[in-house]
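Protein sequences appear in the order of chains D and A. Each residue of the first sequence is one higher than the last, beginning at 8 in the working numbering. Each residue of the second sequence is one higher than the last, beginning at 125 in the working numbering.
A hint or two may mislead.
[Stated by the list, open to error] Once the Cα atoms are required to be at most 25 Å apart in a straight line, the calculated SDA-like pairs of lysine to any residue come out as:
#1 248(A) / 284(D)
#2 248(A) / 182(D)
#3 37(D) / 273(A)
#4 126(D) / 424(A)
#5 126(D) / 162(D)
#6 194(D) / 424(A)
#7 262(D) / 273(A)
Note that these hints are calculated values from the structure, not bench results.
The chain contents come next:
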Amino acid sequence: MEEFLRYLTTGISLGLIYGLVALGFVLVYKSSRILNFAVGEFMLIGAYVAWTFRVLLHWPIPACFVMAIIAAIIMGWTIERVAIRPLIGQPILGVIMMTLALMVIIRGVVLLAWGAIGKAYNPPLFPGTAIHLGDIVIRQEYVWGLVVVVIMFIIFTYFFRFSRAGLAMRATSEDHQLARGTGIRVKTVFSQSWIICAIVASIAGVILASSQGVDIRLANVGLVAVAVVLVGGLESVPGAIVAGLIIGVAEQMAKGYIDPWVGGGMETVFAFGIAIISLLIWPYGLFGLRRIERI
Amino acid sequence: MQPAGTFNMSYSQDMAIVRTRFQWGAFIGFLIFSFTLPLYAGDYWLGLINIIAITIIAVLGLNILTGYCGQISIGHSAFVAIGAYTAAILADHLGFSAWAALPCSILAASLIGLIFGLPALRVKGFYLAMTTLGGWFIISWLIPHGDNLGIPTGGVYGLAVARPTLGNIVINTETEFFYLIMVFTLVAVFLAKNLTRTRIGRAFVAIRDNDLAAEVLGINLSYHKLLAFFIACAFAGVAGWLKVYYLGYAHMDHYPLMDSIWWLGMLIVGGLGSTMGAIYGTAFLMLLWEGAAVLSPEIGKAFPGVALQIFASSTQILIGLVIALFIVFEPRGINHRWQIFKSYYRLWPFSH
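Produce the entire structure from the sequences given, and follow the hints as far as they go.
Below is the structure:
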């Protein structure tokens, strides 16, 4: 039982991070119908920038987050403007390939700038002592991660419900032509969605790196987020969070209970296995829009 | 665009790939050149050509699936791995010869490909891209952990295979492998080029352009989509079979996820949906890769502090940039440029 609760809590906190990354994914898809495979590499940039300012320059923690966010804004804006905007109207394979190329380029740049050896947050970003909750022991990083993620979700809910930019983004996701007709600049919305995706991903990257260490393999979480989006549905923000929790918990359970039988490495496989099976049952995800097509 | 003074008198002339005397001459000249290549090229170049030719077979299959049928696969290297491991397991544990293992490799790769193609019946586009990605993760986990599940894959150590034999000849040197691989590549190019001109190939193109419209026209969607997966993975099976015997060793590290991404990039750079484009793109990117791998230690000498990092990252950045630039500036690829160039010189002094 104690074991189960430990897997559950780890799963939930990991799942919320997956949900956060998937949220960035969904935002870009909703506004511009582009699937951003490079989202894991955005996490990498956030994590490495925060690491540089925290460990090498000893800046205070909030300032590190701010620097990671600034780096994300610059990166998101540049990528949208330089690489994605020329592709409006191109077939999807070109766009998918562009995000894959971006993934490779960013990975290369990270290797060039920071090297291939993994790095740890030292001094740590969050205090390292464990928290005792009855019988369960939780790492404090997870709790802080949870707090940050919940704050992010509240900010985004507010942003999409009440702010002008958020409303414009929702309108654009419904219909580009109609949104233009009401005076929304669709290209600006594209740009904003990429910036938000980059910010969300790099914050998730910092949180995850604070518990796992900064490493080029962190970017693989971006691919797990792909599976999350698959389960939740490409167009759904709540779907991203629910599916993030499902995949996070399932992954930890698989790691805890199946790994000893098969010799390890079940996490990613299990995530994708769930995704493929759920896709066969719900082709458009749990909360995705079912599109009716015409010729 | 036809050269001036060339007229087609029959349908078979109209459909011919090699049309004029000059083209026949160039074609036969190319065949003679490529089969006498070991006379003038050293082992370094032959080895490079061997790897490029094996990759061309896999990329041709991917081109049928992605370029012609429009079903995006980001996990194609997993199917190559299936072909390779089938041959290795059969050879190591059941004593199959290389030639007996070949049809088994092809069949195993195509059947596994068919399984991961099944989601294509219900989803398309992005969703399919993600399921094939999932397919790669599942297969890449299954192979190193196969021993625990009763599949003798040699775990993380991989499997060594003996050199293939043809009669009394043991195929061992680069030159011998060159002939083996060249024969398979030529057959693969011939099949791929002609498949796309048949009824099936035209059905694939119709599905790519608009699958609903294709269905209304009477094309059996599920049959053709699965057929595309089957054929593409059969090519992957051949490539895997060749690769495992060429390297003499089967290991999942030879089939990384990045390979399948590079292959999609090669398709884009060469020109999506053209057999020649797949060949140009593969050759271009792989030569570029080799060039960068040769040059980056030199660049590293200029910046000694970060030499290792430059070595690790320069090829990735360069190839990624080349693919990105092609997508933005020439999305139809090298093949399209080559066609423009050909029609230009055919009309040359009278270009209007």
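Structure-based check of all given hints:
1. 248(A) / 284(D): holds (15 Å)
2. 248(A) / 182(D): holds (21 Å)
3. 37(D) / 273(A): violated (41 Å)
4. 126(D) / 424(A): holds (23 Å)
5. 126(D) / 162(D): violated (31 Å)
6. 194(D) / 424(A): violated (41 Å)
7. 262(D) / 273(A): Given pair residue 262(D), residue 273(A) holds - Cα atoms ~17 Å apart, limit 25 Å.
Violated hints, in rising order: 3, 5, 6; the structure is consistent with all others.
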